[in-house]
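Colleague: Protein chains in written order, with this note's numbering: chain A, 1 to 118; chain B, 1 to 197.
These aren't lab readings, by the way, just hints derived from the structure by calculation. A virtual CB, placed ideally from N, CA and C, is assigned to each residue, including glycine. Treat each hint with caution, since some may be false.
[Said to hold, decoys possible] DSS-like, lysine-lysine: derived pairs with alpha carbons at most 25 Å apart: (1) B:K9 x A:K3; (2) A:K54 x B:K18; (3) B:K97 x A:K3; (4) B:K12 x A:K54; (5) B:K53 x A:K3; (6) A:K6 x B:K9; (7) A:K20 x B:K18; (8) A:K6 x B:K12; (9) A:K6 x B:K53.
[Said to hold, decoys possible] The following label-pair restraints were derived from C-beta to C-beta distances: (10) A:E89 x B:L5: 22 to 32 Å; (11) A:N18 x B:L193: 55 to 65 Å; (12) A:T90 x B:L5: 53 to 63 Å; (13) A:D5 x B:G22: 22 to 32 Å; (14) B:E21 x A:N18: 43 to 53 Å; (15) A:N18 x B:E64: 26 to 36 Å.
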Amino acid sequence: MGKLDKFVEVGRVAFIANGKDSGKVCAIAEIIDQNRVLIDGPCSGVRRQVCDMKRLHLTRFCIDLPHSARTAVVRRKWTAAKLDEKWKETSWAKKLESRRLRTNMSDFDRFKLARAKQ
Amino acid sequence: CPATLRAMKVIKSALSMKIPEGVTVESRSRVLRVKGKRGALSRSFRHLSLDIKVSPNGRTLTVEKWFGVHKELAAVRTVITHVRNMIKGVTYGFRYKMKSVYAHFPINMVISKAGDSIEIRNFLGEKNNRTVNMLRGVTVSQTGVKDEIQLDGNDIEAVSHSAALIQQCCCVKNKDIRKFLDGVYVSEKSTVLASDD
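Using the sequences provided together with the hints, build the complete structure.
Modeller: Dropping the structure here:
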């Protein structure tokens, strides 16, 4: 009985999986057609732009946005919903962070980690 | 301009059905399990790309298709129908009655003790005895009426498939089949327990 409630809707928070701005979250401001949406992530450094749905992975968060909301409105609703904290708390974001730390480890860091695990 | 020559996709096509009292339907990853007083049935719809969900109180089943084309949209209603048959099977069961029809040589049907296989002898006077094994969950028995047997089971596909196996094992060869009408044929399709519909 899995959940089937992540809809492509105005206000849905989505994760950009590839291309420019990959790894960032943004909100869907408008749906253009079956394959493309207008995304905007003022608080996460994503410029307002058209994005293909294939690049996006939907998250379980959804903010209350009117359609075609301009960037200032998106920013206001995003901070009111405290999405930055909520996103950081998800295991998805935590896994991404640990992956990033692991790839950026120097040899000295790896030595320290091996020592700590002993 | 050849830009839009592909079929138009329907944004959303959905159907729902009520689940009667006494029946539970569980759906996970397009595998449906239906439980009722006669037992449980399971069916996989993993070959279809559909959203199948049961309402939290377990009373409604909804099947949805987003951006479907012709054949995908057709699958929405067939899933509902398959579940309807599963529900009917676990509450009332399916009973297919078959009659043996012969002009001269009486067809002798011998049913095994467990009711899981039937042996057909003397079809058109042939010495060759035909054995048909029932599918799992299907039992065959004598009705009491002459030349009539009944197949009982929960799964409509299993019961009807077993009936088809019996009918097809008694086919006439090298003769005009409009004249030589001997065989075992399905005479009635009903339920094991009396249905209220």
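Colleague: Would you list, in rising numerical order, the hints stated earlier that this structure does not obey?
Modeller: Numbers 2, 3, 7, 10 and 12 - these are the hints that the structure violates, sorted from lowest upward.
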